[in-house]
Amino acid sequence: MNPLLGVEETASIARSDPSFVAGNLKQVLNGLETIGAQLNCVSSVETDHAVSTCEQLLREQNRALPLFGVVLAHKSLYQRKNWHCDGGSKTLQNHTCGQTAAPISKLDSAGAIDCGRVNCVEFGLGTTGHNDYTGTPKNPWNPEFICGGSSSGSSAAVAAGLVPASLGTDTGGSIRLPAAACGLVGLKPTYGLINCHGIMALSPSLDTAGPLTRSVRDAAIILDVITDNTASPTTQEIENGIEGFRIGWPTNFFMEGTDCSIVAKVQEVFKLAETCGAHLLDICLPNIETANALNMIITAVEGATIHENTLETRHQDLSEQSLSRLLVGTLIPALDYQKALSLRGITAKRILDETFSCIDILITPVWPYAIPTIHDSNLGANPSAAEMVFRSGHNTRPINYLGFPAIALPIGLDSNGLPLSLQLVGAPYSERKLLRAARALERELEFWAHHSPQISVARQS
Amino acid sequence: MESKSTNSHQNAHKYKKVNVEEAVMQVAIESANYLRSQIPEKCQSVSNPLNINDYEKLLRTLADKSVQK
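In order, the protein sequences belong to chains D and S. With this note's numbering applied, the first sequence covers 442 to 902. With this note's numbering applied, the second sequence covers 10 to 78.
Since the hints were made in silico from the structure, they are not lab data. All values derive from a computational prediction rather than experimental measurement. It cannot be assumed that every hint is accurate.
Okay, derived cross-link-like pairs now, DSSO-like style, lysine-lysine, Cα gap no bigger than 30 Å in a straight line [as the list claims (entries may be wrong)]:
#1 D/Lys531 to S/Lys74
#2 D/Lys547 to D/Lys522
#3 S/Lys66 to D/Lys780
#4 D/Lys547 to D/Lys467
#5 D/Lys467 to S/Lys74
#6 D/Lys874 to S/Lys66
#7 D/Lys712 to D/Lys874
#8 D/Lys780 to D/Lys712
#9 S/Lys74 to D/Lys874
#10 D/Lys706 to D/Lys874
#11 D/Lys547 to D/Lys874
#12 D/Lys547 to D/Lys531
Sample of chain S residues facing chain D (criterion: CB under 8 Å; computed from the structure) [claimed, not checked]:
#13 Val33
#14 Met34
#15 Val36
#16 Ala37
#17 Glu39
#18 Ala41
#19 Leu44
#20 Gln47
#21 Ile48
#22 Pro49
#23 Leu59
#24 Leu67
#25 Leu68
#26 Leu71
#27 Ala72
Yeah, the Cβ is synthetic: ideal placement off N, Cα and C, and Gly gets one too.
Build out the structure end to end from the sequences listed, making use of the hints.
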């Protein structure tokens, strides 16, 4: 089996042998056209742009760039000027981007080669990954199962080794849920840390941008690039272990809404953290019980506002689930929306004062139930869908509501052979600490050394 | 004062006029009513803890305060 090259390895090889860059690009483009099509994860392949970027990189030979020659593809909410990015929606079928998203410009400046866009749930509004318009991306670990959403194409492409990293967006779990379903590291930074200008918005009060990668180090490298960190590299700091870290096990809310088998696996890793030198504590989070619903109120209202014209004139081109969720936003009075927004600060302050004064990191599951098949979770807009959508974000939406950073980390496989993951949550702007904890656990578990997906470029001869 | 469900039905009227299917609209109404029912009762006392309206700025201030502790 071929080894899968990550961001760090690809840039390192490219620096020592620039002739590798063009050959690697050709392989990536081929993978997107073949395996990408098989997984239904590719929205567009921009060969001309990628080849000309590659030629320019090789002419300029600026090998010190952190992403020199690394080929990437991103969620189709990320605009690039003059590209056609559809945001997963038929209503944007003919949309030509008028600007380039801020994080994409930063990746460009760091020497990355942007080769296209990957599919996602319509407007980023959905947790399962279903998309009737683009087709639903298939999970590389087992194509009968969902990739999770909304950054579904990103998770499929990275897990299958088509690209080493992909930027997603996260309003209620849309980086962490697909990362978890596909065995990836998914980083949702603190609200506001990443400039989201030029990314198609869903809910500006909650939207965040971040990477899906196969390793914690790669997530740290991408984070440094998109936050303009030129001081000490995060990759150095995160190797320092978690000796003395205080890790909290939530005694309310999170575990209560999660299947016992998932809780048991997360608890095993929680105990493993103690053997790495961490102090373990049971901890309660005040006011967290309603945060999932309050997040959904804000998302629905802001999403309906952004897509108001589409709702009125092209609702027949929206998927049933998008339509029903956006309509929710038209049915919520301004008074309730304002209450949901106002309660954020109070809740965040209480949790910082009462919870994060005692711990550095909170540990929770990501998915509250086993990853479902594409068939079983294709519920359109019926009442079961509303319940499933609500429950799927049980562990992730409250974190967007607070605006705190979080990371999904794979910890093993479930009884269906699909990845199982945990979530680490930190106080605002504690990304380095989060990545450090994730890296320490990753070193112990070595998920990608022990497991590989059914469908992957690594399985090609 | 109007009940929450009456309010939602009235707001739904606009979208019925543009022919959104009744079943889809019904799911949306039920979801909206459920989400609204989850808003804590004691919202009257809601006030911004630091008198900052920009949530990003509020998070930065809270983070700074918690580091100082």
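To see whether the hints hold, each was checked on the structure:
1. Proximity of D/Lys531 to S/Lys74 is assessed by CA-CA distance (about 46 Å); at most 30 Å being required, the pair is judged violated.
2. At roughly 14 Å between alpha-carbon atoms, D/Lys547 and D/Lys522 fall within 30 Å of each other, so this suggested pair holds.
3. About 19 Å separates the Cα atoms of S/Lys66 and D/Lys780, which keeps this hinted pair within 30 Å; it holds.
4. A threshold of 30 Å between alpha carbons decides the hint, and for D/Lys547 with D/Lys467 the separation of about 23 Å falls inside it, so the pair holds.
5. Taking the CA atoms of D/Lys467 and S/Lys74, the gap is near 50 Å; set against the 30 Å cutoff, the hint is violated.
6. At roughly 21 Å between alpha-carbon atoms, D/Lys874 and S/Lys66 fall within 30 Å of each other, so this suggested pair holds.
7. Distance check on the hinted pair: D/Lys712 and D/Lys874 sit about 19 Å apart at the alpha-carbon level, within 30 Å; holds.
8. Distance check on the hinted pair: D/Lys780 and D/Lys712 sit about 39 Å apart at the alpha-carbon level, beyond 30 Å; violated.
9. Under the criterion of a C-alpha separation no larger than 30 Å, the hint pairing S/Lys74 with D/Lys874 is consistent with the structure, at around 18 Å.
10. Distance hint between D/Lys706 and D/Lys874 is fulfilled; the C-alpha atoms sit about 23 Å from each other, no more than 30 Å.
11. Distance restraint check for D/Lys547 and D/Lys874: the Cα-Cα separation of roughly 23 Å lies within the 30 Å cut-off, and the hinted pair is therefore satisfied.
12. Taking the CA atoms of D/Lys547 and D/Lys531, the gap is about 29 Å. The hint holds against a cut of 30 Å.
13. Taking 8 Å as the C-beta cut-off, the interface hint given for S/Val33 holds, the closest approach to chain D being about 5 Å.
14. For S/Met34, the interface hint holds, the least distance from its beta-carbon to any beta-carbon of chain D being 6 Å, beneath 8 Å.
15. Given the 8 Å rule on beta carbons, the hint for S/Val36 holds: about 5 Å separates it from the nearest Cβ of chain D.
16. Of the supplied interface hints, the one on S/Ala37 holds, with its beta-carbon coming within about 4 Å of a beta-carbon of chain D, less than 8 Å.
17. Hint status for S/Glu39 relative to chain D: holds, with the closest Cβ pair at about 7 Å, below 8 Å.
18. Interface hint status for S/Ala41: upheld, as the beta-carbon distance to the closest one in chain D is roughly 4 Å, under 8 Å.
19. A hinted interface residue such as S/Leu44 counts as satisfied when its beta carbon comes closer than 8 Å to some beta carbon of chain D; here the least separation is about 5 Å, so the hint holds.
20. Taking 8 Å as the C-beta contact cut-off toward chain D, the hint placing S/Gln47 at the interface holds, the least distance being around 3 Å.
21. Look at S/Ile48: its Cβ gets to within about 5 Å of chain D, closer than 8 Å, so that hint holds up.
22. Contact between S/Pro49 and chain D, as hinted, is supported at the beta carbon level, the nearest pair being about 6 Å apart and thus within 8 Å.
23. Given the 8 Å rule on beta carbons, the hint for S/Leu59 holds: about 7 Å separates it from the nearest Cβ of chain D.
24. Interface hint at S/Leu67: satisfied, since its Cβ lies 5 Å from the closest Cβ of chain D, which is below the 8 Å cut-off.
25. The beta carbon of S/Leu68 comes within 4 Å of a beta carbon in chain D, closer than 8 Å, and the hint placing it at the interface holds.
26. A cut of 8 Å between beta carbons decides the hint on S/Leu71: the least distance to chain D is about 5 Å, and the hint holds.
27. For S/Ala72, the shortest C-beta to C-beta distance to chain D is roughly 4 Å, which falls under 8 Å, so the interface hint holds.
Checked against the numbered hints above, the structure breaks hints 1, 5 and 8 and satisfies the rest.
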